[in-house]
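S.K.: Here are the chains, one letter per residue:
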Amino acid sequence: MSITLTQSAADRIRGFLENRGKGVGLRLGVKTSGCSGMAYVIEFADEIGSDDEVFEDKGVRVLVDTKSLIYLDGTELDYAKEGLNEGFKFNNPNVKDNCGCGESFTV
Amino acid sequence: MALLQISEPGQAAAPHQHKLAAGIDLGTTNSLVATVRSGKVETLPDAQGRHLLPSVVRYREMGAPQVGAIAKQSAISDPRNTISSVKRYVGRGLADICKGCSCSEYEFVDSDSSVPRIRTVAGDISPVEVSAEILKNLKQRAEETLGGELTGVVITVPAYFDDAQRQSTKDAAQLAGLQVLRLLNEPTAAAVAYGLDKGSEGVHVVYDLGGGTFDISILRLNRGVFEVMSTAGNTALGGDDFDRIIAQWLIQQAGLDPSALSAGQMRAILLEACRAKEALSDTEAVNVFLSDDAVADSSVWRGELTRTRLNELIDPLIKKTLSSCRRALRDAGIDVDEIEDVVMVGGSTRSPRVRELVGDFFHCEPMVDIDPDKVVAAGAAIQADILVGNKPDDEMLLLDVIPLSLGIETMGGLVEKIISRNTTIPSAKAQDFTTFKDGQTALAVHVVQGERELVSDCRSLARFELRGIPPMVAGSARIRVTFQVDADGLLSVTAREQISGVESTVQVKPSFGLTDGEIETMLRESMSHAKEDIVARMLREQQVEADRILESVASAITADAALLTDVERTQIDIALAELRKMRDGDDPQKIKSAIEALNAASTDFAARRMDASIQSAMTGHKVDEF
Chain V
193 MSITLTQSAA DRIRGFLENR GKGVGLRLGV KTSGCSGMAY VIEFADEIGS DDEVFEDKGV
253 RVLVDTKSLI YLDGTELDYA KEGLNEGFKF NNPNVKDNCG CGESFTV
Chain Z
825 MALLQISEPG QAAAPHQHKL AAGIDLGTTN SLVATVRSGK VETLPDAQGR HLLPSVVRYR
885 EMGAPQVGAI AKQSAISDPR NTISSVKRYV GRGLADICKG CSCSEYEFVD SDSSVPRIRT
945 VAGDISPVEV SAEILKNLKQ RAEETLGGEL TGVVITVPAY FDDAQRQSTK DAAQLAGLQV
1005 LRLLNEPTAA AVAYGLDKGS EGVHVVYDLG GGTFDISILR LNRGVFEVMS TAGNTALGGD
1065 DFDRIIAQWL IQQAGLDPSA LSAGQMRAIL LEACRAKEAL SDTEAVNVFL SDDAVADSSV
1125 WRGELTRTRL NELIDPLIKK TLSSCRRALR DAGIDVDEIE DVVMVGGSTR SPRVRELVGD
1185 FFHCEPMVDI DPDKVVAAGA AIQADILVGN KPDDEMLLLD VIPLSLGIET MGGLVEKIIS
1245 RNTTIPSAKA QDFTTFKDGQ TALAVHVVQG ERELVSDCRS LARFELRGIP PMVAGSARIR
1305 VTFQVDADGL LSVTAREQIS GVESTVQVKP SFGLTDGEIE TMLRESMSHA KEDIVARMLR
1365 EQQVEADRIL ESVASAITAD AALLTDVERT QIDIALAELR KMRDGDDPQK IKSAIEALNA
1425 ASTDFAARRM DASIQSAMTG HKVDEF
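Top line first, the protein sequences correspond to chains V and Z.
Sequential numbering from 193 applies to the first sequence in our numbering.
Sequential numbering from 825 applies to the second sequence in our numbering.
These are calculated hints, taken from the structure and not from any lab test.
Model, not experiment: these values are computed from the prediction.
There may be inaccurate statements among the hints.
[Unchecked claim] The calculated DSSO-like cross-link candidates involving lysine-lysine, where the alpha carbons are at most 30 Å apart (straight line), are:
| hint | chain 1 | residue 1 | chain 2 | residue 2 |
| --- | --- | --- | --- | --- |
| 1 | Z | K1261 | V | K223 |
| 2 | V | K273 | Z | K1261 |
| 3 | Z | K843 | V | K223 |
| 4 | Z | K864 | V | K281 |
| 5 | Z | K843 | V | K214 |
| 6 | V | K281 | Z | K843 |
| 7 | Z | K1022 | Z | K1261 |
| 8 | Z | K864 | V | K273 |
| 9 | V | K214 | Z | K864 |
Given the sequences, and given the hints that come with them, work out the whole structure.
M.R.: Rendered as structure tokens:
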């Protein structure tokens, strides 16, 4: 079981957390919604829940609840720039299919 | 796949439900757009990495108008079709424009409507349309950057903008296809960016020295609400004037004849002046030189400008801003020592000399941590992020409240408060009312504002009628009155009869025409008259109740007198007479007991009427028909 971050994602997350001034780390998860079944959740985390798995990569603490982890195991989180737009990108080996816009996926 | 941003805990949006919001600083000289991403405020650059968009639009014979730096370049070659500083003209009549500044710059056309238009090769263009072009450009930049359509924006306007200028700004946004969540005062936006709204209550000063304009605003933070106490400024004083005065010095030092310089040479000198000014923010002295572009005999003039020298040159201009500050303080009626802090806004406040003199004047260290060019847009972005609903409720920023309660008049001249004072806006509340008389088909809604119990002591805002209520027995119609105050303080009142669906509505601006003094007087009166108001209210309530019961008993007697024995009839008549007598007295308690007496006397009668009416309704029908 593992979740990893690219260097640029780790740097960004550290910056955002610092700017926010509070929070124990970053929470990743999935929820069932969207046009293709599942959608990613990426949030600041203020506390560690009892069913959270905690990963640490490049100095950033990443929290994933055990249920979501099944769908996210092996994911690498990247920070990418596309034209003027920039943001986080999940490189998730479990994904079989994306919806057209890429906001949701199926496993 | 789509690029994602980090949300606050529990706020992650479902796919396709991203709420993108941006703050726009629509400036006289430059405009900016900012947004909150992953909890961080940032201004958005264009593809070339430039954050500032010059507020310049050039209209061409063919093709779409050019906006920004590209338009600014043609300001000299094509001055009539290149419109800059359009903010000065927005929402103003032709007479105002000509009075305010040099109208020779553009050719204004007095059109049929009251809005003046500027004649260009692409036709006659209104200032609102020019603003819309700038907004469109920023909208496109934001949507490309955020990867989706904007749900809403907050646009900043100077604190002194009047209703017409604000409305025109909104019109421009609408023209650009933007949904305006709120217009925010520029100084308030700057204060929000520094987080002053979460800090201590007190008086804050916003010193805004931009490229071409100077504004000073004095704000008071009271329970999370920024109130503008006074504003002052100079619409023709800014960083450009600093450049001009340095350029004059350069011309003088180089021994040039100002009248012999071409426009191109003058521009080169101004650019050099600007460069020297900016460099002197960090160093004590800077080398200046005028190349052969500027100097006629193709030699190159070299010299040195020291910070001391620069300070001597610009001091008179800074002093001018300080005299505006003095006036603003006097208007607000406060002392320099009452000021908590000074927020610096506008590129020209990068100058160490400006900071020094402003700090001395207000006896405190000015706040300069946030880039002064971006601080207003940043504040607007924070506000937009909250208004669009990207923050948990407990972080909801309280910016505006309703100063006095809003309500409607009910029977007996009483006020039924629907939205109470200090409710944050936007807000909506509804209450159900009913008819007072049998067969009543219309209802007059009188919207009032104030804290007192009686309508005569409150301020009347609007009256309207709801017609077409189907005739019914008194009390059975259900009329829902909804009060809605939007983020700009606009109140709309809707009355709707629930059964038939007839509806009537009116819009008013509750704060219109009320000064702070008047609001205060109204509040104070409500305190001092609290007790008598309550007594008056109780009396009126009992009187209304008495009228209602007198009316219904009288109509019952007329209809079904046959059901009564003589003894009963006499008892009811006595009770009726007693209530009539008490109703015109001034003791609510006595009226109340008289009502109870009449009720008791007529209970049997009412029961018998009920039986009779049920019997008549059922006669001739089978049970299973019901």
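S.K.: Hint by hint, note whether the structure agrees.
M.R.: Hints and how they fare:
For the suggested pair K1261 (chain Z) and K223 (chain V), the alpha carbons sit about 57 Å apart, so the restraint of at most 30 Å is broken. At most 30 Å may separate the alpha-carbon atoms for a hinted pair to count; K273 (chain V) and K1261 (chain Z) exceed this at roughly 69 Å. For the hint pairing K843 (chain Z) with K223 (chain V), the CA-to-CA distance comes to about 18 Å; that is within 30 Å, so the pair holds. Pair hint K864 (chain Z) plus K281 (chain V) holds up; C-alpha atoms about 18 Å apart against a cutoff of 30 Å.
At roughly 23 Å between alpha-carbon atoms, K843 (chain Z) and K214 (chain V) fall within 30 Å of each other, so this suggested pair holds. With a C-alpha separation of about 19 Å, the suggested pairing of K281 (chain V) with K843 (chain Z) holds against the 30 Å cut-off. Under the criterion of a C-alpha separation no larger than 30 Å, the hint pairing K1022 (chain Z) with K1261 (chain Z) is inconsistent with the structure, at around 52 Å. For the hint linking K864 (chain Z) to K273 (chain V), the alpha-carbon distance of about 17 Å falls within 30 Å, and the restraint holds.
Note on K214 (chain V) and K864 (chain Z): the hinted pairing holds, with a Cα-Cα distance of about 13 Å set against a maximum of 30 Å.
In the structure shown, a violation is registered for the earlier hints numbered 1, 2, 7, in ascending order.
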